[in-house]
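Visitor: Letter by letter, the chains look like this.
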Amino acid sequence: MKDIFRVSRMWRPRGELKKRYDVVVIGGGSHGLATAYYLAKNHGVKDVAVLEKSYIGSGASGRNTTIIRSNYRTPEGAAFYSRSVKLYEQLSADLDFNLMFSQHGHLTLAHSERAMVTMQERAEVNQLLGIDSRVVYPEEIARLCPQINLGPRQTWPIQGALYHAPGGIIRHDAVVWGLARGADRAGVEIHPYTEVTGIERTSGRATAVETNRGRVEADVVVSAVAGWSTLVCGLAGVRLPITTHILQAFVTEPVKPFLDVIIVSAQMHVYVSQTDRGEFLIGAEIEPYTTYKSIGTFPFLEYSARHTLELFPQLERLRVLRTWTGLCDLSPDYSPILGRTEVENFHVSAGWGTYGFKAAPIVGTTLAKLVATGETPDLIAPFALERFHTDELVSELAAAAVSH
Amino acid sequence: MRIAPQPGERIDRRKPFTFEYDGAKITGFEGDTIGSALYAAGRRVFSRSFKYHRPRGLLCCSGDCPNCMMTVDGVPNVRLCVEPVRDGAVVRAQNVLGSLDRDLLSITDKIGGPFTPVGFYYRTMIRPRRLWPLYEKFLRNVAGLGKIGENGTHRRYDTEHRRVDVLVIGGGRAGREAAARAEGDVLLVDEHGGGGALKGRALGIYEGGLVPVDAGDVLYRFRAERIVVATGGIEQPLVFPGNDLVGVMLPNGVRRLTRDWSIKPGERAVVVTADDAGLEAAGDLRAVGTEVARVVDLRSERIVQLAAVGKRGRLSAVLVDGEAVDCDVLVMSGGRQPAYSLLAQAGARVEYEPRRGIFVPTELPENVEAVGSAAGDLEGAAVPAASYDGGDGKCFVCICEDVTEKDVKRALAEGFDSIELAKRYTTATMGPCQGRLCHLQSIRMLARETETDEAAIGTTTARPPWGPVELGLLAGRHYEAMKRSPLHFRHEEAGATMMWTGAWRRPFAYGDPAAEVRAVHESLGVIDVSTLGKIIVEGPDAAELLERLYPNRFADLAVGRIRYGVLTTDGGRIMDDGTVARLGDDLFYVTTTSTGSESVCEWFEWWNAVWGYDAEIVNVTGALAAVNLAGPQAREALGALTDADVSNDALKYLDAKEITVAGVPCLALRIGFVGELGYELHCAASAGEHLWDALVARGAVPFGLEPQRVLRLEKAHVIVGQDTDSESNLLSAGMPWIVKEKPDFVGKWAVELVEERGIRERLVGFTMDGGLLPPEGAQVVENGKSTGRVTSSRVSEQVGKVIGLAWVRPERADDGTRLSIRIAGADHPATVTLAPFYDAEGAKLRS
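Chains as they are written, first to last, in this note's numbering: chain A, 1 to 404; chain B, 1 to 847.
Among the hints, erroneous ones may be present.
Stated by the list, open to error - Here chain B is said to cover these stretches of chain A; the calculated rule only asks that three of the stretch's residues, wherever they fall, bring their Cβ under 8 Å from a Cβ of chain B:
hint, stretch
1, 85-96
2, 116-123
3, 203-210
4, 247-261
5, 294-303
6, 312-324
7, 386-393
No wet-lab data here; the hints were simulated from the structure.
Computed from a predicted model, the values in this text were never measured in an experiment.
Each residue gets a CB set at the ideal place from its N, CA and C atoms; glycine is no exception.
Only chain B is shown next, with the shape it has when bound in the complex (with noise of 0.2 Å):
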């Protein structure tokens, strides 16, 4: 019931604002928060309880407890004492069968109980087995508060990052004073804003003084220099029977209620308290015209019984002592724990002060400090019993996860006698509040029944967010890293089915991939290939450098000379490969697969600086452009753009050379990883599509990474990643002609290791007897037992037959053995075919 402005109220009445709840129209004002606006128009139960349907009300009006989780406009567990008020939300109650006043599954709280104590679900639907699925989709069911809905929200969430010299968490008195005393960039961040504080919740405090804060849609990442916690004390319930009741309030709830709100709580209150807020609180009640009808201020008086008896689930009257004093509000003030876990996040110690009955946080990290209550600076309390007795109603340990008094005995005796054992068993302290209501009184009872002290009882670790946070604002905005070629819109241009590959998209084909196989067989095609890594490697010591990674020589290669090479691991695991040419004395250009890129260059990098060489290393591969043109008639094509010469002698296989085609600087390197006569030309990106289309422009075809494939395939050129695995050598993957007798190189000892031991697989080429096409990850296999896997395989018309790669045991890797391969569950014949499917001598390449 809404009373009279009041000097200082925290609303404007001149701004009504008209929600929905279960389709009633609803009015509060500026200022109200969903909750408030409910209160005052009569609303009493918020929730219903996680496990026993109990009904609940406002309780902490801070944000803290579960109590008045509803969904709003389909947004589930919102908490709406401080979700402020807004035209037209649409506000449901939630994990209840029926209506919060009438809910059909409270029904677990009348006659349940003896049946679901602590842990009941590890005690029982154990047998049949068959029966667990039908009991497990009920508690799934009954368990959860609200629901998702069906669609996002598509709210725009954004992430700021910023420095400061000092930030402040915590808007109280503490948190002004010390931002006011800190000097050079100060900043101030409160849960509520106000007083010139940024509104937002800080999460943690991360390893280099990062502390993210969550302001609604933007998400700040601070760094700071120094962090001051002034986070305050968290108000703590009292435990004792029907301390859940509708009506039970912390000394904020009615704070909140009576001074920000101006609302009248309640008629007839009594107030419990271990503190000074309870008393304020009951000042506040008499204020808006509630009758207090006792005040147990616990520091003078000793009570024994304790206990709130109800209604309905709504409290009806207190017994204190044997003394009843009927009500409908109860002030319950078990004094202030400091809010210390953004310090214990940050690497401090906590630790038990039993005089003042609280944890304090002490051995703060060097560049956090923390003021008032946060730092324990909290005094005239008292000291609380671990529980009060009084009558046979339920007592809450922890409102959230409804666990009472009796599940933390049961669990201690039943052996769940550390805290953190019994956080599991009872998970208590895991519910939405995260231990904010309940770990306190969890360590007060565990100590109690254990009949050892909180010290030695303990906390538990206090993880990371402070306060829960909205999937949707960590993610902020989606940017996934996509990466494409400089060529990339000629392909969509020209209707090119575009596929992933890591994170480049690239042309799976322009039309009919067996076309374009055929193009580059018969005339021409041309292959965008700017996705390859491509590094420089320059300086006095390049040449022994590369020699030194790779197991092939490069120090005497000639200039102007190309060769093929395969990085091993330290542990000689195949890597990458690619292209090396020398472009002179000092400098070579190097080509890796366009997924190595980065690591390979991390790679020469690293070894450069453990070998201590004198070789810059540069990553050009976003800054040039390259396609491969290749077929028998790619020189008579080339020839015709270029006025460098191309002949097979000036320009021979494996050359490289710089010449100018289309008016285009290039580097053209005349290898073939297609089977067909070849040129791959490197050029400035920015110079790509002028290249390309004068390519194009003279008949070459574009071919996509498909038919790429096929060819590659056909010559059995090995794709490392797919026909190599994170385990495979070079003497395994056939490729012992790489390893040369040098000195060193990085892998050497395991290859040695490798020769000495002998292979244990092998990789090899084969061709089905049949036409049936095995998929890549088919199975070799003998007797039904598997003994390789197919790593490639296509249909090649130019062969004319199914051909792939597979690893097979070593026994079975000569030419002609006979394999069988696991096609959808039946076996197919195949033969191994150790020479590449298509001119095996290289003929095409060299002429």
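Pulled out of the complex, with its shape left as it was, chain A reads as follows (with noise of 0.2 Å):
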């Protein structure tokens, strides 16, 4: 509570680069920032320089639904974002920062008998790890969330759903400032519009990289960019079996609350939560084609809304107010791509798609581990680049309902 009577600065103002760092983070975004944060408060790295091209949580971490969940399909992902989701709980005590983390409880509709068994089997993947996850059906959706048309004039009729408890919503903006003001406390510099623009390699190590402010040497350099992640690896050599696409979301004016829960129609492309402050956060699915070129859509608008009002008509006249889009970069398994590359001491984390905001702090932790410790952790083995050359993907792409 003192807190709010003593104006204390965050972080402190942008510093002169160093010429040498034993740890650079290229990213200043939620991955980059929770991975500097961990190597020093749990390895005590501390001579950790982040970069960021723009201002701090610019890119995707400042864009996404911030929709936080741990019922995947895998058994993989499923554990991976379990344990995320559990370091979120701890995280606004943890960083002493209200990340204003509401576990509403998160239910995914099925429209399909398809969709259902679907769902089925997430619930029983996630059960076996001890997810907080099971199917529900129209009566007890009805009574999850009552303002939802489960009447049977809609076009799709839900059939059920997989209801996650423990899903919710996060301030996105206060993880990436909680997250910035822990790591620059323990030591950590955090460098906002410092865009790195090559980076050197002698022998297969990557040994300095080169920005618009100078050259920086470093022991290991970590690669947290999302949506530009092929072409940062790429300065460093390194290919990536990702492509980039734009993704669109939109806030509508803000109103008393309406809705707790957040649903999600993975059928209409369509996702729906209310923020603390009124506002209706709606996303889509991922634009088809390859841009990295951030620039919405109209028919996004048009076919966001339809589904919505199909979900709730009562939003007719409620008002679109702002949209934005953010680059994903997608991985062809839909798993994200976390760990070593061929580069030595050159570790990445991407392939993320629209799941890395839910996976910040467990990225933090593991990356952590990784850059101190030489060794990778269990949890994201499953993830390593080289499984695109071993072909052990990890499908988190469920298959589309077909039938015959």
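Since each chain sits alone in its own frame, please combine them into the complex, following the hints.
Guide: What follows is the structure, given as structure tokens:
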């Protein structure tokens, strides 16, 4: 409480770049900052610089729809995100910064029998890992979310849903700021408006990064740049099997509380939640074409509105206030690429598609451990870049509904 | 207070409208808005602010600011200043506990200030964690503005597509002139209409010259060769203590009240202005009898102190450099900022001009032009100070979000020192006005506090839409694509339970699925398979194309024969399956899964183009009906309806033949997905019902999708997408026999890689030892860990067991291996069965 009467700096003003750091983290988003934070906190590695080409949290960390959950399809994915949710639950206290994590529950709707099977499969995988996740039917959906349109006249009647009670939303910018403050207090240097333009390599090792503010040597370089992963890793000569797409979202004008749970419909490519400020936050599926250009499209607004009203016809007169786009780095199996690359001391967090923000704390802890100890934690071993060479994919890409 | 009729007023006093506000009847005239009618009736407080619940009154009268938002007929956040009066409207205040004039939540303004500085919620309510949900509930309840009604209004919205040569956005002088100058098919849109303009608000400029226009019930999607932006300028407020008090207005507020609606805004006014707009407002005020006590023209008079003081949130006096002037209206004008948002969205750059203190658009995209104030054609305004001192009242930078000067300074001191960070931390510019009245002020303040200039601070990204737009309008009329088979109405007439399968609606069953299964096994059944994808591939290279697309062989397929094929992606993953019939040397008839027809067709076209083959590919799915006649009596029934020889010699298993059935020319494919003797009959969609009727009349029992699933599972036939997923390959799915030795096919390298490294999982059949049915999606477990999953499971009367398909570790894939399947928390034994559960040799199919 005393904190609110006292103005205290969140982080030091940006200083000069040193010539050399033990670790250089490229990307001042939730992953980069979490990695730096846990390097300092868990491993005492404090000679770390986080280089961000714009302001901190300017990329995917500040553009996602803030949903945190762990009800994934593969055992590898579910176990990984389950740890992430647990870390998120403690993170406000750890950082002494209220991230406003509200676990109101998460409903993934099934509009077809096939989708119900997918939900069933996820529930079974989740339960084996001790994750609170189960299939619910319309009567219970009506209790959990009385506002939703379960009427028979719906184009895609809701047959059931996967209910994940610990799922919730969080204030995404606060995650970035809290981690930045924590990292800064532990001695990490944060350098916004510092763009990496080159990565030097000598005999299979990254030795230095070139930036718009000069050259910096490093023992270890970590890339955590989401949508720009292919470009940054390309500077190090690491090719990633990743395509970059845009994902769009919008908010409406604020209204009084109407919806507590998060509603997701994969069939209709829409997810809906209401923030603590009262805005509805609505997102869609990634656009199918590849681009690095963050430009929104109008059809997105049209179909998202249509699908939202299919679920909540009451929102017909609610007004859209602002739309935005972010870049998503998509891997072939929809699972991340996390850990070592063929360049010995160049590690990567990439390929997150639309799931990256949910993983920030667990990426931070595991990457920090890899950097500090040189050992790949078991939890992230399945997500190694190497899997695309050994063909050991981790498919989060649930099969499309197909019928004979 | 309404004054005597004025020349040029925009109201028609002969046409009164009456609406209800807080139980009272209020009358306005045609041309009035609900806001102006309420003002004329004496209402001054129109809303309570977002955070501090301060009283707010009319400010801009242009629909920009949040001050006049109320709930009208159950619709929240309606801006009353631009909402036309109408009879019977029910208007309610929102976001108040009590009434607009006595709002209990205004306690946050009086004593809450020190406890609720910017970002206070990030620093409090952290421990204990279990109390956060309680705090949060409170926060949620006090946040937000209006309430969503119980039901939608079911308004009808339409979308119209239009093409024009030139689209002019904004009907002010510059816009009208540009429209008059332009050649070709020209259209002018303006938010207020009039002067031949279409009434509507352009929402954005998107790629390809797409300009959606919000015209209330109609969304126009304009495509224009050239777009002229004449959106004008936005009057800017000044930042000083008390600048949000009721009675503080922008010049346009005064202009509309006095000139358009003939309302006297108050008794005594003060004007503080950086441009002529304020002076004009002073003239307007005098014309309606308001005394103008003091005019401060910032261009000629340098002031240091400016503050407004009020009683109960309403303006009572203005302090200018120590001099107090009693008044109830204060016109503030900080000059106009070009409304460049549409241009910036279209790709223009925005640059700061220190001389004029405004941001102007530059480097416009090729097909976009800016004219008038929007282009920066604004002269003669002073650059006001970032803020003025003078009192201890709150000094607002952003009125939507109640962000004060103190908040911005604190954010800076805490390290949120870029415009983007400060925006997100203070939430300035993120409210309903989307920065129209606060963006420039935030930049100015940041520039001053960081001792840089506005150019260095820069702007935040302009994001569409340019003005809030209703979800209903964006959605338009609800058209969800639905596909119906040519036999759809026969199924409905027969009382089938329909279900969704992709975009198709198909019969689940007509009655008892088990009875339908029995009919197929014992006598005769018929199922509508019109939903199968049907593709014709024809041309000199047709055989070669298919040969390279599929892992198995098609070049050697004899005319009149059929072969099952599985398509794989270039990563060797199973993509789709179906049959391929060779109808001629250069002519093939390919079927796909029901959901796969479009993607397979595209896939064929893609590779046809890549390889440069000469083959025509036509998707005839919608043109043809198809039924599968199956059961021991199928030949007999078919024979009775055709003159063709359908004996087992003339129409063997996997033969394709054109025959006439019940007078309908059909392509008969002798295949067997369901495990009994069967014929797929494909015919013109228009003849489908006749064929169906004839077959049913011959005693065929219609069966639905559910019995078909049981039947195919008895044969362990795989459903792509159900039993396989995006990682399944041919070897792991137990189809190594599909892969043939040949120089190339799509995905060959991947199959070879799998051969080399071995499979990691294997699709197998299983029977449950007990009678319990595992749900599809159930997990195969070893020591409490998931090692596989059930993809299909059914009770089979024919087999007398619960049967299914599951993915298991290759080490557990041998015939007879015992498995554990977790069902509702307990493990149940099952046994791997590699052969089909029914008629393993396929004798029935060949009989």
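Visitor: Go through the numbered hints given earlier and state which of them the structure violates, listing their numbers in rising order.
Guide: Number 3 only.
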